[in-house]
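One letter stands for each residue in the lines below.
Protein chains: 4
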Amino acid sequence: MVPRYARPAMTALWEPEAKYRIWFEIEAHATEKLGELGVVPKSAAKALWDWWATQPEIDVAAIDAIEAVTKHDVIAFLTWVAEQVGDEARFMHQGMTSSDVLDTTLAVQLARATDILLADMDALLAALKTRAEEQKYTPTIGRSHGIHAEPVTFGLKLAQAYAEFDRCRQRLVAAREEIATCAISGAVGTFANIDPAVEAHVAEKLGLTPEPISTQVIPRDRHAMYFATLAVIAGSIERLSVEIRHLQRTEVLEAEEYFSPGQKGSSAMPHKRNPILTENLTGQARMIRAYALPALENVALWHERDISHSSVERFIGPDATITLDFALARLTGVVEKLLVYPERMQKNLDAMGGLVHSQRVLLALTQAGVSREDAYAIVQRNAMKVWESAGTLSLLDLLKADGQVTAALSEDELEEKFDLDYHFRQVDTIFARVFG
Amino acid sequence: MVPRYARPAMTALWEPEAKYRIWFEIEAHATEKLGELGVVPKSAAKALWDWWATQPEIDVAAIDAIEAVTKHDVIAFLTWVAEQVGDEARFMHQGMTSSDVLDTTLAVQLARATDILLADMDALLAALKTRAEEQKYTPTIGRSHGIHAEPVTFGLKLAQAYAEFDRCRQRLVAAREEIATCAISGAVGTFANIDPAVEAHVAEKLGLTPEPISTQVIPRDRHAMYFATLAVIAGSIERLSVEIRHLQRTEVLEAEEYFSPGQKGSSAMPHKRNPILTENLTGQARMIRAYALPALENVALWHERDISHSSVERFIGPDATITLDFALARLTGVVEKLLVYPERMQKNLDAMGGLVHSQRVLLALTQAGVSREDAYAIVQRNAMKVWESAGTLSLLDLLKADGQVTAALSEDELEEKFDLDYHFRQVDTIFARVFG
Amino acid sequence: MVPRYARPAMTALWEPEAKYRIWFEIEAHATEKLGELGVVPKSAAKALWDWWATQPEIDVAAIDAIEAVTKHDVIAFLTWVAEQVGDEARFMHQGMTSSDVLDTTLAVQLARATDILLADMDALLAALKTRAEEQKYTPTIGRSHGIHAEPVTFGLKLAQAYAEFDRCRQRLVAAREEIATCAISGAVGTFANIDPAVEAHVAEKLGLTPEPISTQVIPRDRHAMYFATLAVIAGSIERLSVEIRHLQRTEVLEAEEYFSPGQKGSSAMPHKRNPILTENLTGQARMIRAYALPALENVALWHERDISHSSVERFIGPDATITLDFALARLTGVVEKLLVYPERMQKNLDAMGGLVHSQRVLLALTQAGVSREDAYAIVQRNAMKVWESAGTLSLLDLLKADGQVTAALSEDELEEKFDLDYHFRQVDTIFARVFG
Amino acid sequence: MVPRYARPAMTALWEPEAKYRIWFEIEAHATEKLGELGVVPKSAAKALWDWWATQPEIDVAAIDAIEAVTKHDVIAFLTWVAEQVGDEARFMHQGMTSSDVLDTTLAVQLARATDILLADMDALLAALKTRAEEQKYTPTIGRSHGIHAEPVTFGLKLAQAYAEFDRCRQRLVAAREEIATCAISGAVGTFANIDPAVEAHVAEKLGLTPEPISTQVIPRDRHAMYFATLAVIAGSIERLSVEIRHLQRTEVLEAEEYFSPGQKGSSAMPHKRNPILTENLTGQARMIRAYALPALENVALWHERDISHSSVERFIGPDATITLDFALARLTGVVEKLLVYPERMQKNLDAMGGLVHSQRVLLALTQAGVSREDAYAIVQRNAMKVWESAGTLSLLDLLKADGQVTAALSEDELEEKFDLDYHFRQVDTIFARVFG
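Chains as they are written, first to last, in my numbering: chain A, 4 to 439; chain B, 4 to 439; chain C, 4 to 439; chain D, 4 to 439.
This is chain A alone, in the form it adopts within the complex (with noise of 0.2 Å):
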C-alpha cells in the first residue's frame, strides 16, 4: 500500500481494529447461538454483548503484545477481551478454530470492500454516461493500429468505455459473490466439535452465505477469482487511460487531463502539460494485475490446508483493494473534468483529404459493377497519392479525374460518398444498445 495512493475508507477496512471488531463480532454472534443451542452459558453471549455496548476501544498494542509471547494472534486476541470481560469470556470459541475466525473475517473484509468498489464503479459509470451524451455527435477519427480509419464519435468512444466498465461492475458482482461466504467448521470442517446451525446463524448475521464445503479453510479458488476479476478491470482502467494519454499527445491534442491553476508539468519546461494522471493510473494498473498472481498460486494448499496464503493475503487484501479504489476514483475525477477540444479533432479529421472516406467509395464502386479487386485498386491508387501527400493532395479531388470512377459513378454520387453525417446514422442504435 502505498499512503499516495490509498483513500481514507477503503483503509480503515483494513486497519487492524477493524479485523478485530470482525472477529468480535463473529465470536460474539458464534457464542450466542452456543448459548441457545445449550453448549455454553446463555451468560456468555450477554456478557461479550454487555461489553460491546459500552462502546470499547480496541487496544492494538495490548493484543500485538501477547501475540508476540503466543506467536498466535487468534488467541491473543481472545486473551485480550478475556481480561476485558471476565470469566464468562472463557465460553468464547468453543469447538472454533482459529481460521473460522480470519476467513470469516476476510470474507466480511473483501466484501465490504467491494461494495466500496462498486460505489466507485456507479461513480465512474455516472461520468462516462454524462460525458457520453454531451459528447453523443462531436465528430473524431476512429483509429486503427494508430492510423485514421473512418469518423466515429466521441461519444462513441465513452458508451464503449461505459459498456466495458459496466461489465467490470458486473464481474465485481459476480466476485463478491464467491467470496462472501462464512466457514465455523472447526478444525478440519467436519463440524465436529460445533454445531452447523452456529455457522448459519453467524453468516447469516454478517450477510454471508455459508462455505458448503470448508476444511478448516475456505477454499482458495473463491479468492483467486475475486483478485483475477480485480486484475480484468485493472485493464479496462488501462485501456481509457491509454486512449486518454494517446488523446494528450502533443499532435493529438483532442482531448487533456484537466491542469489546474498553480500546477507545474516539468521542472525543467515550463511549457508542459502532461497526461500524468493516466499515466499514473496506467502504472497503478500494472500492480493490481500483478496481485492476480499469487492469488493464483494460493490455491493449491496442502491437505486440507497450509498457512501459505496467509502472508500473501496480508499484502493483496489491502494493496489490490485499495489500490482498485484510488484508481476507479482518480479515473472518475479524470472523466469528469477531461478538456474535450472539438475543433481539433474535426482538424484532425480532415488532416488526410478525405481519405477516411475510401470505403465507401470502394462499396460504390463495387456496387456500380466493378469488381472488388478492380475497385480495391482503383481506390487504393488514389488514396496512396493523398497518403503520400500528407494529406494536402484531396481524395475526392483525385477520384473525380480519375477516368475509371467517372465511368462508373457520377460526380453527385461521388460527393455524397463524403458526407460525415453518413457515419453517425446508427449512433442513436448503439446508444440505445449500451445505456438501454
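Careful, some of the hints might be misleading.
Identical chains share a label here; the pair holds if one copy fits it or two copies do between them.
[Claimed, not checked] In silico DMTMM-like links for lysine to aspartate or glutamate, alpha-carbon gap of 20 Å or less: (1) K350 with E254; (2) K350 with E391; (3) K388 with D169; (4) K340 with E391; (5) K208 with E60; (6) K388 with E259; (7) K74 with E259; (8) K74 with D377; (9) K388 with E346; (10) K388 with E254; (11) K340 with D198; (12) K340 with E259.
Please keep in mind that the hints were generated in silico from the structure rather than gathered at the bench. Predicted model only: the values in this text are computed from it and were never measured.
Since the structure of chain A is provided, determine the placement of chains B, C and D on it from the hints.
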C-alpha cells in the same frame, strides 16, 4: 501446443480448416441478410450456399499462397472463395471489415472450445462424485500445515474437490457468456456501411449475442476474463493434483495413481511408482495460468483497436484450451482409477498416539470448569510427550495418569473423547450441501 | 509454437530427432568414459560410435511406439538403439538415470538456442548501428509523457535502442552460462554408481561445465534465470516496437514500417498503411514474458526432484526461444527497412511555436538574476499562450514583447536560445559512449 | 509493505527522509561541479554544504505541503531547501530535470538495498555451510517424485541449497551493477543545458557509473532485470522452504522448525507444531515473484519516457526489497535453528525394506551378464512385492530366494549391494565442488 498434451477434438477446432469453415459461414449468413435487405442480389447468398452444399474441401495451401502475396488473410480467403464460386462472390463482405469475421470466428471457436471443456468438467465431476460416495466414510487424518490435525473421511476430501470443480464449472459457463458475442459492425464499429440487422442475423445463426458496442474489434476485456477464468480452474487442477502427490508419498501412501502392468517408474530404480500424472498436471496448470497474463495485457488496445492482441491469441487461443482439455481429461482418469488404501489411512491416523483427539479433551476440560488457559496447558503438556515419542506413547494413557485431568473428567468421559465416529456425525450434512 | 512465428533453424533444434541425436551423444560419450574406467567393455562405445558413423536415421515413430508401452521415454530410446546396435548396447546408461540424459540434453538445446539468439542479436545491433549513424544528426522532437519536450536526433533514439539491446546481449551471454551445465550424477546426484569423471568427460565433449551439485536434476533456478532473461529482452523488443508504432501514427508519421507493393492494409479501407509488424512484435513480447512465470514456479521442486517442471519445459523450451528468435529477426528487418521522414520530423518539431526552447529561456532568465520562481512564472505565462494557440503563436515573438523578459535579456540573447544545433553539441559524446 | 514482514534498516532506506537526503546530495554535488565549471557561482555549493553540515532535519510535512500546491515533488523539495538555505539555493538544479534526481536516487536506494540483501545472503550462506558441514554424513533418503529413491546425506541437501543461494548471490551482484547508474543528462538526455562532467562527478560521489545514454530517464530494462533477479531468488527461498515443510510433515518428521516454549501451534489443537515460518516464506516468495511482472511491463515507456513506471516503483521498490530482506533473514533463522532428527531419517530410510538399493542390484545383474531388460524385470518383480508389503518384506531376502538372481550373484555379492556407505563415497568430492 505440445502434441502429447493435446486431444483431437479440441485440436481440430483450431486447425486452419475449421477456422475457414467458420469464416465462410459468417460471410454467407451476412450475404444472405444483405440480400434480404436489398443491398446485394439475393442470388449472391444462394451461390455461396449452393457451393457449400457440395461439401467442398478447403484448400488451405491455396489460401496461404494468396496470403503470401496480399499479406492479408481475409482478403486471401475471399479471393479463393471467389475463385471457387464465381462472379456472385463479389458481393461477399459488403460493408464488413476483416475483424468482423476474425473476432466473430474467435467467439465461435472459444464457445465451442468451452463446450468441450464443460463436457470434460462434467466427466470430472461425475468421477469425483462416484469416488466421494464410495469413500464417504473412509476415515483418514485431516492435515493442516502438513501436520496431523483431526480425522476426516476420504469422501470429504473428494467432496471438497467436487464442490470446487462445481464452482469452476459455473465460472466456465459465465466465461462462455463473456466471449460468445458477435460483431459485424464495420471498420470502426459504427455500422456506417452495414445494417445492424446483419449482425443480429449472423449472431442468431451462430448461437452468439450481438456485441452492444464494438470498435472494429470485440473488446478484449471479455477475452481477459475468459483466460483468467481458465487460470483459476488451473489452480483447482493443481490443488487436487498436489493432494494426490502428497497422498502417494512413500511415508504417507494413502492413495496412488493407477500403475499399469508394462509401466516403468524409473530407468534406474525398478521399485519406483511415481505420481507422474499429477506432477505432469501440476506443470500444465502453471502453463494455463501463464496464458492469462498476455490476455490481461491485451485489454488496453490503442484507440479503436490495434492488432497486438492477435499474435497473442494465435498462441493462447489454442494452447490454453487444448491444454486445459487435456488436463481435465487426464485428471478425470486419475480420479476414476485412483488406488485408495483405507488400511494405510487408518494406520496413519493411529500413528500419533491419539493426539488427533486433543481438542475434544481440551473442550471437555473447559466445559468441566477448567479455565481455557489451564486446559490448554494441561493438554499441551501431555500432547508434547506423545509428540516427542513419535506416537509410541498414548495420549489417552497419559491423560488417565494426569491428576489435573482426572480431577475434572472420569475415565469413561475421557475414553469417549477418543471415539473416531464422533467426528463423522456431520458428514451426511456436508454431503447434502455439496451434492444436493 | 505458432508456425508463422517460427524460423527453421531454431525449430529444428526442438524436433524429436535433434533431441534423440543429443541423447545418443551423451550416452555414447558416457559409455566411452565408462570404458576407459573399466566399468564396461571398451567395445561398447566403439559399437555405438561405429553405428553412429553410418549416419543412421532416427526412427522417431519406432521410439514412440516403444514408449507407448513402457511409458518411459529414455528406456524407449535405449531399447530402440539396442535394436540397432546389438548386444554391446546393453552397457549404455550404466549407473545413469534418465534425468542425466534429459537435463544435459536440455542444457545443450538451450545453449544452442542461445547461440542462435546471440547471432540474431548481433544482426539487430548491426542494423541499429547502421541506422543510428545514418540518422545521427536528424533533428526530431523528444517527447516525455507523449508531449513535446526538447529536440533530440533520430540517431539518438536508435543509439538508445542499441545500448539497450547491447545490454540484452550481455544478459543473454550470462543466461547461457547459467544453463550450460552437465549433470551425470545418478539417481539422486551422489555419483553412487557412476564416477564423476564420466560427467566431466561428457561436459567437455558437449561444451558444458559440470553442475557442482545436482540431485537427479540440474537445479531449476538456472532455468528460471534463463527464461526471466528472455522476458527482459522481450520488454526491450516491445519498447522499440511501441516507439515505431507511435512514430507511424497518422498525426506523427515520422517513420513507417516498409510497405511492400502488393500489400493491403485493410480489406475495407484501401488507404491504410498499418504498423502491423511492430504491433505483432508487441504481442509476441507479451508471450515471451509470460513464459518466464512457469519457469519461476518450477524452481521449488520437491526434495531431490519432482517432474512438474517437465511439462512446463516441453512448452516453454521451444516456445520462448522460437518466438524470441522470430521476434529478433522480424525487428531487425523492421529496423533495416524503416522508412524515415526527416521533413515531417522537422515539421513536427516546429509545430509548437518554439515551445521546445522554453527551458533555455528559463535558465537564461535565472542566470540573468531573475529568481527561479519568477522566471518559471514568466516563461510559463507566455508558453501557455502558445500552447493554447496550438502553435500558431510564436514563443519567441511573445517573449520579445514581454517587458519582464526584455528587462533581463536582449533580443540577440533571446534569439540565441532558439538555436536547434545548441541541443546537439553532445551527440558525438553520447555516440562515443554507446558505440565506443 | 506489511509491517510484520519488514526490518528497520531496509525500511528506513525507503522513508521520505532518506529519499530527500539523497536528493540533496545529488543537487549539492551537481551544484558543486557546476560551480567548478563556472556555470553557477562557487558560493552556491558552499551555501548548500554549509547548511548540510548543520545536520538539518528534513521537514517532510513542510515539503508535502508545498507539493500539495505545486503538484510536483522535486520543485516542492527545491522550494523548501531554498527556504532553508537562502538566495544561493536558486542555482541548484541548473539544466537538470526532475528525473535526473529521481532516477539517480532510485539507483542509490536500490544499490543500498542490494547491499543489505547481499549481507543477508552472506548470513544465509554461512548458516547453510555450518549446518551442511555438521550434517555432512547424516544418512537420509533421497526422494524423487516424493517417493523414496536412493540414500543421500542431509549435508548434501544443505550443500545443494548453499550452491543455489551462492548462485543467487552472484545474480544479485550482477543485478546491482545493472541498476547502479547515474543520469544527469537533462530534459531529454542530450546534455543540452548541462555538461556531462556534472553527471560524471555525481556518479563518482555516489558510487554509481554514468548511464551511457539516458532519455530523461534511466532505461527501465535495467530495473526489469533487477526485479526479475529478485523473483528468481524468491524461487530459491520457496524451494528450501518447501523442502523443510516436507521434512516436518507428521509422517516424515526428519526435521522441524524450532518451536519456542511459549508458542502455540493451534488455538484448537494443543498438539500441533506447524512449519509456519517456511509456509510464511512460501507466500512471501509468491509476492516477490509477482513484483517482477509490473517491472517487466515498465520497460516499454513511450518515446523518451512516460511516467507510468513511477507508480509501479513506489510499490515494488520498497515492497520487493523489504520483503526479500525479511525473507532471507527469516530463512537464515530457520536454517540456524532447524531441529534435525537423524534417527528418524534412518528409520525412514529403512522403512522400505531395502528397496532403495534396487538399482545397485540391477547394475550388478547387468554386469554379471544378464540383459538389461531381464535384469529390470527380475528386480522390479521382487521390488513390487516389497512395495506392496509396505516395507514389511525385505528386498534382500526376496532376492536371495530368487533363482534367477542367485544364478548370477552370490549371497555375499548381494549383501554388498545393500551397503549404505557405498552411496556416500563422493560426498567429499561434491562438498569440495560446492564449498571450494
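Hint-by-hint comparison with the structure:
Taking the shortest alpha-carbon separations for K350 and E254, both the intra-copy value of 11 Å and the inter-copy value of 11 Å come in at or below 20 Å. Both within a single protomer and between protomers do K350 and E391 lie at most 20 Å apart by alpha-carbon distance, with minima of 19 Å and 15 Å respectively. Proximity of K388 to D169 under the C-alpha cut-off of 20 Å is found in neither arrangement, the shortest distances being 43 Å within a copy and 40 Å between copies. When the C-alpha separation of K340 and E391 is checked against a cutoff of 20 Å, the pair qualifies only between copies, where the shortest distance is 18 Å, while the shortest distance within a copy is 38 Å.
Proximity of K208 to E60 under the C-alpha cut-off of 20 Å is found in neither arrangement, the shortest distances being 22 Å within a copy and 51 Å between copies. For a Cα distance limit of 20 Å, the shortest separation of K388 from E259 across copies, 16 Å, qualifies, whereas the shortest one inside one copy, 33 Å, does not. Proximity of K74 to E259 under the C-alpha cut-off of 20 Å is restricted to the inter-copy arrangement: shortest distance 17 Å between copies versus 53 Å within a copy. For the homomeric pair K74 and D377, the shortest alpha-carbon distance between copies (18 Å) is at most 20 Å, but the shortest distance inside one copy (80 Å) is not.
For the identical chains of this complex, K388 and E346 are inter-copy neighbours only, at 17 Å across copies versus 26 Å inside a copy, given an alpha-carbon limit of 20 Å. Only between protomers do K388 and E254 lie at most 20 Å apart by alpha-carbon distance; the minimum there is 17 Å, versus 22 Å within a single protomer. Taking the shortest Cα distances, K340 and D198 never come within 20 Å of each other, neither inside one copy (55 Å) nor across copies (35 Å). Proximity of K340 to E259 under the C-alpha cut-off of 20 Å is restricted to the intra-copy arrangement: shortest distance 9 Å within a copy versus 35 Å between copies.
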